[in-house]
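Protein chains in written order, with this note's numbering: chain S, 11 to 329; chain U, 1395 to 1780.
Keep in mind that a hint or two might mislead.
Once the Cα atoms are required to be at most 27 Å apart in a straight line, the calculated BS3-like pairs of lysine-lysine come out as [claimed, not checked]: (1) U/LYS1674 / S/LYS60; (2) U/LYS1749 / S/LYS60; (3) S/LYS317 / S/LYS60; (4) U/LYS1684 / S/LYS60; (5) U/LYS1496 / U/LYS1463; (6) U/LYS1478 / U/LYS1496; (7) S/LYS317 / S/LYS99; (8) U/LYS1478 / U/LYS1463; (9) U/LYS1633 / U/LYS1496.
Derived coverage of chain U by chain S (criterion: at least 3 residues anywhere in the stretch with Cβ under 8 Å from a Cβ of chain S; other residues may be distant) [stated by the list, open to error]: (10) 1506 to 1513; (11) 1540 to 1553.
Hints listed in this document are in silico derivations from the structure and should not be mistaken for laboratory results.
Glycine included, every Cβ here is placed at the ideal spot set by N, Cα and C.
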Amino acid sequence: MSTGAPDLLQLKLVFVTGKGGVGKTTVAAALAQLAAEHGQRVLTCEVDAKGDLAALFEASPTGFVPKEIAPGISSMSMDTEASLREYLKLHLKIPIVGRIGPLAKAFDFVATAAPGVREILTVGKLCYEVREDHYDLVVVDAPASGHIIGQLAAPQAINDLVKVGLIRTQTDWMLQILSDPQQTGLVAVTTPEEMPVSETLELTERVREETTVRLSAVVVNRVLPELFGQREEEIFEQLREPAVEQVLSTRAGGSVAPVLEAARLAVTMRRTRAEHLQRLQAGLPADLPVLLLPYLFTRSHGVRTTKQVAQSLGEELGY
Amino acid sequence: MSPRGEAAPKDIAQLLSSKEIAIACGPGGVGKTTTAAAVAAMAVAEQGGRVLVLTVDPAKRLADALGLKGIGNDEVRVEDEVFKRAGVTPRGELWAAMLDTKLSWDDLIRRHAPDEATREQILANPLYQNISGRFVQSHDYIAMERLYEIHSEGKYDLIVVDTPPTRNALDFLDAPQRMADFFSSRLLRWLIVPYRSRLVNVATKPFYQVADRILGTQFLADISEFFILFQSMHEGFVKRADAVTRLLSDRRTTFMVVSTLEATPLREAEFFSAELTARKLHLGAIILNKVLPDYLRSAKTAKLAQSMSDRVDALVEGLSDDPAMAARVLREVAESFLNFGVVARSEAEHQNELKGAPDVLVTVPFFDADIYDMGGLLLLGAQVWE
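Using the sequences provided together with the hints, build the complete structure.
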């Protein structure tokens, strides 16, 4: 990895985003695992609660109240209504709080129409956890790249829309945490494929222009191993010549054609992906770390896989 | 054939010949957009008629191939020439359109605003601009709304829809109803009561006390103004949302769930299929993309690859002037087969376990190159067709 890269484990709050299907949740889980292995107290938060992150630790889905799902890792799922409740309890010491039920519904309603209200409750809760220092690192399995901007920009948007009131006074310290590259970072996960790469490049631009959060790293997931160098590929082509293939099949005691064909497929796949990877690297700022995670030829997803990915991530980060 | 002599559609061709709307939905990253375009192209090539593919966010090269330039809501005709270059004479017309959320919202407001003054006030309202431009859930509603609008114009024999990426794959199904509920809600009436009466009304007083302290009076006033304006379009909106909901459950509409055989997307696709069925919506097909070739699953070949890996030196003897490297290459080849075999077999098992599959279950093989032109779309389309 290049020098001068920010150490993801030194941050306090990391948002992990990416296009749907690229393995965003897996990377978030691996980062949490890596931090925990280095003795940190970690909180993971699922924003689009589907219970997928907990599943990567083979734990049952979590709620708003953090629950330990692995040694050193607590996990929660974002629930904006619960976040509002907690917020009101902390900040509004008025008797109305006991009757918050229908009010929460009302706010849910307002939040549906008023942009940023839901987002601010999400980001607010995360910043609160950072400020209170309950954890060394908060890892957020954030919304997909199409939605993350709105979330990260919410405090600023609210600052612009709301001129007075409690929310206004709150956004100032949130912005402070979010804008501090020593505390907060965004990790964009992608795969070396056309759409994910295009979306990542677009995200990079928008993060810079529309938010105060710094992009700390791009993680390229599912990078296929390079089977051959140039000389090896020539030899591979020789082995695929019909006469040679025939000899191999006779010696092996069965047709080696499908075995060779599979390797050809792997080589082609790798090549197409390498082009997208190049396009990604060419389009990103030169000083932005790009971390590569290998394609895992595994049959399932669970703690074992999470640890494997954490190890690869650790190697890329120089641990 | 069932005992009563009715044949259920067994392939996409038959399914689509009886439908006017086909909605491609499913988890992110599985190739929904490309699949929708391929199905539409194939329908034009094979069945004819006038077919529209309504897409949300196509890859640039795909958009170029369809002649979609930049943003905009216009429906554009894909030139016959594009088909001919791919070696096909189209039997009908292919049209393509992209969804521009902001423009679609503006259109909607223009249609429903009671008068010009209200219309201009809404379009200029900062909250409205925020909602229509940035607010993510507004995608869901407007996609279905636009579909309704186009369908009701009656210009197309078939409309293939690519659904927007949503937080939850079901959001766009619920969006019309949510929109209707939103405008019918008692809460909306609370928000637009005149400021003075808020503090004396027993029901709304607590709400406003808290809301004022958190959001500030000015922001609340902005919200109120916005809702008061919107209220004027209430009836039109609710009617419209109901009509959109009806269209989704119409017999002429079918859903195609797109997925890959990877565990996570497939789980989402299964959930989605179950939900469609529970809502009595027509689950017409499941399309499984990027399926690894059959030969990777063969246990016999895996055994062969294993034995090859164990004795590469003997196998390459005399076949290369660099036997050491040839042996290394062959070992890589064998190991690579075994690696992909693990994935292929586990994906095959996922397919076996697939629950609630409809009559039409299509698998599309993995393509080792990106699909970005008509030739590629038709190649993919042909696989879906079979």
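The hints, checked one at a time:
no.: 1; hint: U/LYS1674 / S/LYS60; in the structure: holds, 24 Å
no.: 2; hint: U/LYS1749 / S/LYS60; in the structure: holds, 20 Å
no.: 3; hint: S/LYS317 / S/LYS60; in the structure: holds, 21 Å
no.: 4; hint: U/LYS1684 / S/LYS60; in the structure: holds, 24 Å
no.: 5; hint: U/LYS1496 / U/LYS1463; in the structure: holds, 17 Å
no.: 6; hint: U/LYS1478 / U/LYS1496; in the structure: violated, 35 Å
no.: 7; hint: S/LYS317 / S/LYS99; in the structure: violated, 38 Å
no.: 8; hint: U/LYS1478 / U/LYS1463; in the structure: holds, 21 Å
no.: 9; hint: U/LYS1633 / U/LYS1496; in the structure: holds, 21 Å
no.: 10; hint: 1506 to 1513; in the structure: violated (count 0)
no.: 11; hint: 1540 to 1553; in the structure: violated (count 0)
Of the numbered hints stated above, those contradicted by the structure are hints 6, 7, 10 and 11, listed in ascending order.
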